[in-house]
Each structure stands twice: as C-alpha cells, then as structure tokens.
Amino acid sequence: MTAAISVTGLTRKYWDQIVLDDVSFTVPGGTITGLLGRNGAGKTTLLRILAGHEFPSSGLVRVLGGAPTENEAVLRRLVFVREDQAYPDIKAGQALRAASWFFPNWDSALASSLLDSFGVRANKAVKRLSRGQRSALGITIGLAARAEVTLFDEPYAGLDAVARQVFYDRLLADFAEFPRTVLLSTHLIDEAAALFEGVIVIDRGRVVLDAPADVLRGAATRVSGPCLAVDALAGGRPVWERRRLGSQASVVMVGPLSQDDREQARSSGLDLTPLSLQQIVVQAAAGVLAPVPEAGFETERTSA
Amino acid sequence: MNTWVTVARYQLMRRASYLALLWILAFCFAVGAVSGAGSRYLFGVVLYFAILGMQTIGRSLPFGLTLGASRRSFCSGTALLGMALAVVSGLVLTALQAIERATGGWWLSLHFFRVTYLLNGPWYATWLTSAVGLFALFVYGMWHGIVNHRWGMLGTLAFIAVQAVLVVAGVLVGNLEHWHVFSGVGGSSAGLTALGLTGVVAALAVLLLAGGHATIRRATV
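Chains as they are written, first to last, in the numbering used here: chain A, 1 to 304; chain B, 1 to 221.
Looking at chain A on its own, in the form it has when it is part of the complex:
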C-alpha cells in the first residue's frame, strides 16, 4: 500500500524548545490511524505541519506525494479539523457552503444529515454555538469534504457520549463507502480504539510507538494469581510491570500468549487480562515499552 503521508526526520523548534524531534513515520493510504500521546507531546504541531498551517524547522513532509506547504494541489485534497478552529463571523450553514466551494468531493446531503444528527441549526451564528456544537460543525466539514487525507485533531472536544458515537458510526460508514486516509488525534483512546488500523504514539516530540493496532491489541497481557504460578509462567520472559501482595502476584507479560501458555494459566488458576490500547499507550508514553517480537512493531524506547 502506498503511503498517503510520509514524514522523515521532521523537527520543529520554537526558539530553544524542541516540539518535534526527528520524527519519522508513514501512514498507508486508505487507513484510519490513531495519533496518540499526552498533552503537549507535539500531536497538534505535527498535524498543523501536515496541513501546511505550520512550517517544519527541518525534515521532509509528503502528503499525497507532495509537500503540503502552499501547495494547492495537495491542500485541495486534504482537510484538517482542529479543536481550536477559529471561524469568521458567519453562520454554521455558511461555513458549510464555503467548504462546498473549496472541496471538490463535497457531499452536501451528508453535511446536512450530519448537522441534523448533531442537532446544530444551520442558521445559527458560529460564535453562538456551544463548544460541542462547534466541534460538531468541524466534524461535519471533515467528513462531508470527503478529502483524500482527513486530519482530525481532538475533533470532539465538548461533545457528549451520544454525539461521539454518532461521529464514530458515521466515520466508519462513510469510510467504508468512500475509503480515504484518516489520521485521528484523540485522548479517548479506548473509545476510538476499534477504529484504528494503525497507532502512532508521540511523547515529548518523538515517536515512541508506531505499530498496527491488531499487533498492539494482543501485545501485552496482565497475569495475576498465586506467586509461584505467575513466576512459572512469566519466568524468563519480558515483563513491563511486576506487583506482589502476600502470596498473590501480578505481572504484565509482553508478547502474544500461546495456546500452551493459556492452558498452563488455566490449570494454575491464573487470570489473564489483555491490556487495552489505552494501557499500552500509557506504557509507551511512560517509556517502559519493551519490544515485542512481532513484525511491523517499531519502538524507540526499549527499556523494560
């Protein structure tokens, strides 16, 4: 699959502060990828650079094969929905109409339907919309644009759980009908985890994890039970975390468990709980992620 987004050695400095530090990754075309990380990790700056709103200090950025900066051949095929989007003094419907002029694949019916689903009135001034409604407007533009590359930066700030589910459902439905490349930055990792085919985790300006989501889902398991049984199963294997309370122990084992492992755990009375994507991301951001012996799994920090 060809890369829709390709970033090589990207660095962004503000005076003496390094916001992005030698970032490299690719996002295959026709996939939904999660861009995850803590506040201030550099996600928004990265997305702004991908959208041509910000300039890299050094490095190479390619979106749909071209540099995005001042390149309308790329910009017309890309939409960037940001949490802090500023709008001029216009109505919600006018914002959609303006978007329809710029994006060649714009779907007006989808835009109206989404606005209805989110309960946003088209004749309401954007400045009078609540935070959640403004997010809904941004999501509507992002989805109805049907741009080849869609960048979402925390698109659902202020949205309630029902509206967020509407977003996930409509994104998946429209993605199935009109595949495109989606890069979604979010803090609600477990909520959005089912959407992701790939996951990129950024921490302090560096990519600390870049892996297919399927690989990550089985990448670590919490094993708890009697100390001796836990030690017998985990002995000699990489673990992220080890806890002991009296005769009970709990460890997080790295790597997929075999059928034999599961049989051994069952017979020893051990509990096996796969780590969620969010827990894995937390480990990655904490810098304790060990390499998993699985193809396609890339990490920068390897301390166990």
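Honestly, the hints are just simulated from the structure, not real lab data. We treat Cβ as the ideally placed atom computed from N, Cα and C, and that holds for glycine. Hints should not be assumed to be uniformly reliable.
Claimed, not checked - A partial selection of chain A residues facing chain B, derived with a Cβ cut-off under 8 Å:
| no. | residue |
| --- | --- |
| 1 | Glu72 |
| 2 | Glu83 |
| 3 | Gln85 |
| 4 | Ala86 |
| 5 | Pro88 |
| 6 | Ala98 |
| 7 | Phe102 |
| 8 | Phe103 |
| 9 | Asn105 |
| 10 | Trp106 |
Mind docking chain B on chain A? Use the hints.
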C-alpha cells in the same frame, strides 16, 4: 485564479461588513450636509476601506487555510475582492458626483462628492482616482491585518512606528523640495495632476500588496 474567486466569495460571506459601507456613506453625507463641511466627511467612507481590509484577515485567514486555500491565494483572492469593491464603490461615487453636479449640490450648493483637486474632473478621472485610492486603502488595511496576525500587538506597533518614520522622512523630503533642493536634479512633485497622483497611489497599492504577500508567506495559524 479560480481559487482567488472562491476566496473572494468566501470573504463576501460577512455581508454585514460590506453593507455597512452604505450606512456609513449615508451617515457621512448627512453629517456633511448638516454641518456644511462637505467633502471632509467623505473620508469617513474612504477610511472604512482600510478597516474592511483589516477585517478580511483576523478570523477569516485560519478558516480559509482550513478550507484548503494557500496563503498566496488567500491574499490574492482577498485583494481581488478589494479591487472589485473599490471599482464598484468608485462607480457609485462617480454617479453620486454626477447627481451632485446636476442638482447644484443637492439643491444646497453642497460639495460632498466633489473634492477639490482629487475628485473634481471628468467622470472617468473621478472613477479611476476613487477606485485606485479605495483599493490602496483596502490593501493597506489587509497588510495591517496580516502583520497583526503574524506578530501580534508588538508587531503592529512596530509596523506603525516604521510608517511614522517614513511619513516624517517624506515630510522632510517635501520641505527640501519646497526649498528647491531637488530642482537641480530634476525631481519635483509640483504640478502633479489628480491623474498623476492616481498613478502614484496605484504604484503604492502595488507595493502594499507586495508587502502583504511577503508578510503572509510565513504566517501560521
């Protein structure tokens, strides 16, 4: 070019700002008529063009870039809108000037749309001079808006300070000219007609637009 027109349409969405021109014109005319000060109040309309230009940046630029316009196209499309507005407004001023002439100053001997030296010639000169002047003010406002967006209040103050220095230098040069310092080298602005001044303002507008383009090139949103 297509994107320029799209940007111009996008800018026109803030209709209230543009319709305000009519209200300002009516208000200035009323004040001018009542006070008898005439064309002095016409400059209220003219100055509003600079404010309009400033308003086209602000919050319009971030959403414009989100919609996929490049900075260059945003600047050019906005300037295109400014030019169209200036041409139409110039036409309106020319028509009103003709009515003013035909009615003997609105039956009050008022000189509101006839400005001594600047707008007092044939209709085409009035149209050209007013359109070029309004466009220059529009792009001047745009440049201010871009500077403010890029460098904030401090940048705007520095920008104004530089302009103040240039104006002072201009006044000094004007005085030197007055004392015939330049006459020996053949430079003089004496005898410049309204159309000649229009040419100078047109050149200034091009410079202002180039300045705006250069400033927006590295603006971030």
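For the hint on Glu72/A, does the least C-beta distance to chain B fall short of 8 Å?
holds (5 Å)
For the restraint on Ala86/A, tell me whether the closest CB of chain B is nearer than 8 Å.
Because about 4 Å separates Ala86/A from the closest Cβ in chain B, which is inside the 8 Å limit, the hint holds.
Mind checking the CB of Pro88/A against every CB in chain B and telling me if the closest is under 8 Å?
Holds: closest Cβ of chain B sits about 4 Å from Pro88/A, inside 8 Å.
Would you settle whether the hint for Phe102/A is holds or violated, based on the nearest Cβ-Cβ distance to chain B being less than 8 Å?
holds (4 Å)
Using the nearest Cβ pair, does Gln85/A come within less than 8 Å of chain B?
With a closest approach of 6 Å, the Gln85/A hint holds.
Interface hint status, Ala98/A versus chain B (Cβ within 8 Å):
Since chain B brings a Cβ to about 5 Å from Ala98/A, closer than 8 Å, the hint holds.
Do the numbers back the hint for Trp106/A, that is, is its least Cβ distance to chain B under 8 Å?
violated (10 Å)
Chain B contact restraint on Glu83/A - CB to CB distance below 8 Å:
violated (12 Å)
When the nearest CB of chain B is found for Phe103/A, is that gap smaller than 8 Å?
holds (7 Å)
Closest C-beta approach of Asn105/A to chain B relative to 8 Å, hint status:
Result: violated, 12 Å to nearest chain B Cβ.
Against the hints set out earlier in the document, violations occur for numbers 2, 9, 10.
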